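Order-wise, the sequence lines are chains A and B. To convert a position in the first sequence, counted from 1, into the working numbering, add 2. To convert a position in the second sequence, counted from 1, into the working numbering, add 209.
Source of the hints: derived by calculation from the structure; they are not laboratory data. Where hints are given, some of them may not hold.
Among chain B residues calculated to face chain A with C-beta under 10 angstroms, some are [claimed, not checked]:
1) L264
2) A279
3) L325
4) N367
5) E378
6) A411
One side of the interface only, derived from the structure: several residues of chain B facing chain A at Cβ under 8 angstroms [unchecked claim]:
7) A283
8) P403
9) G405
10) P408
Just so you have them, the derived chain B footprint on chain A, three or more residues with Cβ under 8 angstroms [what the hints assert, rightly or not]:
11) 91-100
12) 197-207
13) 320-326
It should be emphasised that the depicted structure is a prediction, and the values quoted were computed from it without experimental measurement. Backbone N, C-alpha and C fix where the C-beta goes; we use that ideal spot for every residue, glycine too.
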Amino acid sequence: MPSRKGFLLLLLLAAMETLAGFAIIVGSSLLDALPPGYAVFWPLLGSAAAGLAFGLVVARIGPGDRWNRAIVAVGAVATGLGGAAAISHNLPSFLIAAFVLVLLFWRGIVITQEQVDHDDVLRRFGWGFGFLFFGIVWIVARGIVYQRPIWQMMALIGIGYTIVGMVALGTSRLEQEREPGAAAAAALAILFQLALLAGISLAVLQLFSLDVAGGIWHVTRPAFDRLGGALFQLELLIASPIQHFVDLIRPRGRRLANPALTQPANTQPTGKKPRGHRPLNDPLVVGSFVLFAVAALGGVLWLISRVIPRLPHRAPNRGYVERRRGLISLSALWQLLAGWIIGLFARSGEAAVRAVRQSRRRIFGDYPADPVRRVYAQLMRRAARAEAAPLTATTPLELATQLARRWPDHATDFARITEIYIQRRYAEATLAATQVAEIRERWHTVRPAMRPPRARPKGPADRGPLQESAGSATGASGQGWLARARAALSLPDPTEGAKTPGFGASVMLSVVSFAAPVILIIALLVVLALISGSFGAKHGLPEPGDVPLLLMQLQ
Amino acid sequence: MNHEFVALIAKLLVYILLLTIPILVIAYSERFQRRLAPGQYVTLFAIGTVVGVLLFVPAISIVAATGLLAIGAAWLSARFSLTGLSYHRTMLPSRLFPGDSAELKIRLDNNKFLPLASVTITDPIHFGLIRATHHLDDLIRFSGGVQLTENLGYGFTNRTAVRPFQSVERTYRLEAVRRGVYTLGPATVETSDPFGLFPRTATFGDTLDLIVYPRVYRPEEVGLPFLETMGEASSRRKLADDLTRIAGTREYQAGDPLNRMHWKATARTGSLQVRLFDPSTTTQLMIVLNLNTFQHVWQGVDLDRMEAAIDLAASMSLWALDRGFAVGIRSNGQVPGAELTPRVAASANPQQATLLLEHLARLSFSGRYSPEHVLADEARRVAAGGSIMFVTSIVTPAAISVLTSRQLAGRVSVVYCGRFAAPVVRGVPIYLATPKGSTDLAVS
Numbered sequence: 003m004p005s006r007k008g009f010l011l012l013l014l015l016a017a018m019e020t021l022a023g024f025a026i027i028v029g030s031s032l033l034d035a036l037p038p039g040y041a042v043f044w045p046l047l048g049s050a051a052a053g054l055a056f057g058l059v060v061a062r063i064g065p066g067d068r069w070n071r072a073i074v075a076v077g078a079v080a081t082g083l084g085g086a087a088a089i090s091h092n093l094p095s096f097l098i099a100a101f102v103l104v105l106l107f108w109r110g111i112v113i114t115q116e117q118v119d120h121d122d123v124l125r126r127f128g129w130g131f132g133f134l135f136f137g138i139v140w141i142v143a144r145g146i147v148y149q150r151p152i153w154q155m156m157a158l159i160g161i162g163y164t165i166v167g168m169v170a171l172g173t174s175r176l177e178q179e180r181e182p183g184a185a186a187a188a189a190l191a192i193l194f195q196l197a198l199l200a201g202i203s204l205a206v207l208q209l210f211s212l213d214v215a216g217g218i219w220h221v222t223r224p225a226f227d228r229l230g231g232a233l234f235q236l237e238l239l240i241a242s243p244i245q246h247f248v249d250l251i252r253p254r255g256r257r258l259a260n261p262a263l264t265q266p267a268n269t270q271p272t273g274k275k276p277r278g279h280r281p282l283n284d285p286l287v288v289g290s291f292v293l294f295a296v297a298a299l300g301g302v303l304w305l306i307s308r309v310i311p312r313l314p315h316r317a318p319n320r321g322y323v324e325r326r327r328g329l330i331s332l333s334a335l336w337q338l339l340a341g342w343i344i345g346l347f348a349r350s351g352e353a354a355v356r357a358v359r360q361s362r363r364r365i366f367g368d369y370p371a372d373p374v375r376r377v378y379a380q381l382m383r384r385a386a387r388a389e390a391a392p393l394t395a396t397t398p399l400e401l402a403t404q405l406a407r408r409w410p411d412h413a414t415d416f417a418r419i420t421e422i423y424i425q426r427r428y429a430e431a432t433l434a435a436t437q438v439a440e441i442r443e444r445w446h447t448v449r450p451a452m453r454p455p456r457a458r459p460k461g462p463a464d465r466g467p468l469q470e471s472a473g474s475a476t477g478a479s480g481q482g483w484l485a486r487a488r489a490a491l492s493l494p495d496p497t498e499g500a501k502t503p504g505f506g507a508s509v510m511l512s513v514v515s516f517a518a519p520v521i522l523i524i525a526l527l528v529v530l531a532l533i534s535g536s537f538g539a540k541h542g543l544p545e546p547g548d549v550p551l552l553l554m555q556l557q
Numbered sequence: 210m211n212h213e214f215v216a217l218i219a220k221l222l223v224y225i226l227l228l229t230i231p232i233l234v235i236a237y238s239e240r241f242q243r244r245l246a247p248g249q250y251v252t253l254f255a256i257g258t259v260v261g262v263l264l265f266v267p268a269i270s271i272v273a274a275t276g277l278l279a280i281g282a283a284w285l286s287a288r289f290s291l292t293g294l295s296y297h298r299t300m301l302p303s304r305l306f307p308g309d310s311a312e313l314k315i316r317l318d319n320n321k322f323l324p325l326a327s328v329t330i331t332d333p334i335h336f337g338l339i340r341a342t343h344h345l346d347d348l349i350r351f352s353g354g355v356q357l358t359e360n361l362g363y364g365f366t367n368r369t370a371v372r373p374f375q376s377v378e379r380t381y382r383l384e385a386v387r388r389g390v391y392t393l394g395p396a397t398v399e400t401s402d403p404f405g406l407f408p409r410t411a412t413f414g415d416t417l418d419l420i421v422y423p424r425v426y427r428p429e430e431v432g433l434p435f436l437e438t439m440g441e442a443s444s445r446r447k448l449a450d451d452l453t454r455i456a457g458t459r460e461y462q463a464g465d466p467l468n469r470m471h472w473k474a475t476a477r478t479g480s481l482q483v484r485l486f487d488p489s490t491t492t493q494l495m496i497v498l499n500l501n502t503f504q505h506v507w508q509g510v511d512l513d514r515m516e517a518a519i520d521l522a523a524s525m526s527l528w529a530l531d532r533g534f535a536v537g538i539r540s541n542g543q544v545p546g547a548e549l550t551p552r553v554a555a556s557a558n559p560q561q562a563t564l565l566l567e568h569l570a571r572l573s574f575s576g577r578y579s580p581e582h583v584l585a586d587e588a589r590r591v592a593a594g595g596s597i598m599f600v601t602s603i604v605t606p607a608a609i610s611v612l613t614s615r616q617l618a619g620r621v622s623v624v625y626c627g628r629f630a631a632p633v634v635r636g637v638p639i640y641l642a643t644p645k646g647s648t649d650l651a652v653s
């Protein structure tokens, strides 16, 4: 007897043979003589499977070659005649049905007599396609190719044959014995491609006016209805004791029927508040209830799965110990997500921190308490930002000279500030209030002049982005708007000694970079909500409050 | 049975005869049992698609396009099947003595979204030595995975399937049986699309050497007093000490000269200590190994005798190195990659033992060089104070004439491990060695 893989492969080959033969039957006029019409495919498939099973059983327990042939012949006749009698209503259809059934039975027998490998499956795959195209050519020759049911059926046969053939090709390459993880990997690899193939092919067929989706829905709806009903009964089974328990502990909140059904039409409002309350109408309670039911159901299933005895797993000795592990773990994915979110907000965070620092220094300052030294520290800081003079290894008098050279209009102010500072700093003299007031006044005089220049230079390079993008990305200053935009938005690179953005830029940067991800996330949530809402409305899904109502009606 | 029915039957028979039967004959006769290549499928499906479009027959186009899509998807998956695939193998330890075991780990990583339904990794197993057997199990035993390759060699083969972003690691056990260098790789990785239409092959990784050293015997295991086989070399070993190279100290013994007292060590330990010095010269011992096992090369080689000679050479060289001799090896065999007869110069370096063992592990029978030629050459090259030990499984008349020559007088000793009785040669000490496990040992 063949292995599981071998048996699956034989079944797939039988299906391939049946599909190819069915294409010939559809292409010829034989189908017109068979009462079931297209449904005759299933008896044909059954006949091929019967031949397959017969061949396998007889080869295993048959008494001998001659007797085996006789047994197979009897089986073929029985299958052909029995099947033909079941699906035909007159003699011609009986004969034709018997012929095609016996033919498929014979093909099933033939499949079992050959050693099937990948090359053999590939060869059969090609020949099957030959039969398919032959059937189509026959249809063309008969001049009925433009009849929609005919070509749609041929297309469906072709798609089905391709999928079955590819599954057979993939199966023929599988090893007889595989490690626990290998079978899943192989199945995933095959199914991934076949799902893609089936999806695209059926979509194309749908495009060519065959309502595949509607047909599938129509065919599978009874099954889904039954499944939904069974699940609902299961849910009732779990929910009923809980409901009774709730009724017990809340005697006043007993179960209420649907007011629309129980309230008489002529009932007049009394103006009183209804006694008791209906907690099950609360979406929160209903949501909690559903969650609890799901958790309880999951717990019960888990317990059942735990207590079911298992056969000991006997791994064959292959001479090695195998270990499989994922290269991407769940924790790594979480870290990736967290890193992405942190990266989204990192720029805004740094900009916000910088803005806070600048504003803190501006408002409170980290300057000396002494008013004279405080003014001089502010002067030095402003001089540093304006790059007026190197502050290291520079005496106050040298600094005053350099500042006077930079801002000659305020040379006197600088000289006077420096003089007062030297008295306070180095002579440690106690200054009069007038001197303190003077140094403050002079500082307020020179401070506007020492304001650092704006980052954006005036001139042709200061044109707007749209104006400049019409030409090239490089402006007259040699730095394109793209580069300037990058420079304005990107954080300073300490290795290149870039300037830190100003207070306003920092605030704007933090607001923008905080707002962008937040807006993105909110937009995503809104889109999801819209999609789910429209989906629910389209398919008539019950609102959360309707669930207890349905429960009450059923009870 | 009316006329219409007969006409229908007749028409049916004509259909069957004219169309179905020839097709079945063509399809299932041996002459046409040939499979199409994927490229031919692509051509046929492309033609079918175009013909369907031109004839406004959607059925042809859909069926052909479905086949084209299936083959295209298969081609794409085969195209990227080797992307993100990496293969590693490690062996611990990679140096073994016969009877030792090692752990061989292979790891295959699939760093992409595409799963692989079938991956076959074949590491060819190379062993370039002349062997008495073609069975790998007689040389080295793998716990699994060894298969015969198409060129009748051996391959370490692993077949598996890998999911997206999955790593498969397998651990094998190896047992060293015989001396030699066994090289795994480079690996040939074969994969394809899930349906096997477009096979892809690539060579992965480097080679991995497993070195199995010769068997090392203790003197009592071979019935050979190693010290005696050294002859005068053992007595010449320490002629004078090098007073500039202090090797250590020891307790004073009566008779030690006072100029060797180590006063600082004496004060520190509270007992009399004397200095120990390294010898000023190290006695050289050159082991000349004869891999010939018969008088004439055309008589072939007795591999058991040859292995016994190599084992003896390894045992004696390690023993001598352990006792401070500078040991070298010269043989008339061959080492892959070397042009001339391989020679390891004598040295007392701590790494010399490893060097000699690896050299002996790689050594193979050559037959191109006569042992007499090698022996005479070494008599010329070894310094006057050095000794030569001739390890052989056969003593031929030509070898006797070289051994008794004036150049080798008093400097050579012979260790014999042959099957037959050793000849008695006047003036040349010949020692019999009987390695454990050898059959048909020499008698004398």
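Status of each hint after checking the structure:
Given the 10 angstroms rule on beta carbons, the hint for L264(B) holds: about 7 angstroms separates it from the nearest Cβ of chain A. Taken as an interface hint, A279(B) checks out: its beta carbon lies about 5 angstroms from the nearest beta carbon of chain A, inside 10 angstroms. Interface restraint check for L325(B): the shortest CB-CB distance to chain A comes to about 6 angstroms, inside 10 angstroms, so the restraint holds. Because the smallest distance between the Cβ of N367(B) and any Cβ of chain A comes to about 8 angstroms, under 10 angstroms, the interface hint for this residue holds.
Taking 10 angstroms as the C-beta cut-off, the interface hint given for E378(B) holds, the closest approach to chain A being about 5 angstroms. The criterion of a C-beta within 10 angstroms of any C-beta in chain A is not met by A411(B), whose closest approach is roughly 18 angstroms, and the hint is violated. Nearest Cβ of chain A to the Cβ of A283(B): about 7 angstroms, under the 8 angstroms cut. The hint holds. Evaluation of the P403(B) hint against chain A yields a held restraint, the C-beta minimum of about 4 angstroms falling below 8 angstroms.
The interface hint given for G405(B) is met, as the beta carbon of that residue sits about 5 angstroms from the closest beta carbon of chain A, less than 8 angstroms. At its closest, the beta carbon of P408(B) sits 10 angstroms from a beta carbon of chain A; the interface hint therefore is violated under the 8 angstroms criterion. As drawn, the stretch 91-100 of chain A meets chain B at 4 residues by the rule of a beta-carbon pair under 8 angstroms; at three or more, the given contact holds. Residues of the stretch 197-207 of chain A lying with their CB closer than 8 angstroms to a CB of chain B number 6, which satisfies the three-residue condition for coverage.
Counting residues of the stretch 320-326 of chain A whose CB falls under 8 angstroms from any CB of chain B gives 7; the rule of at least 3 is met.
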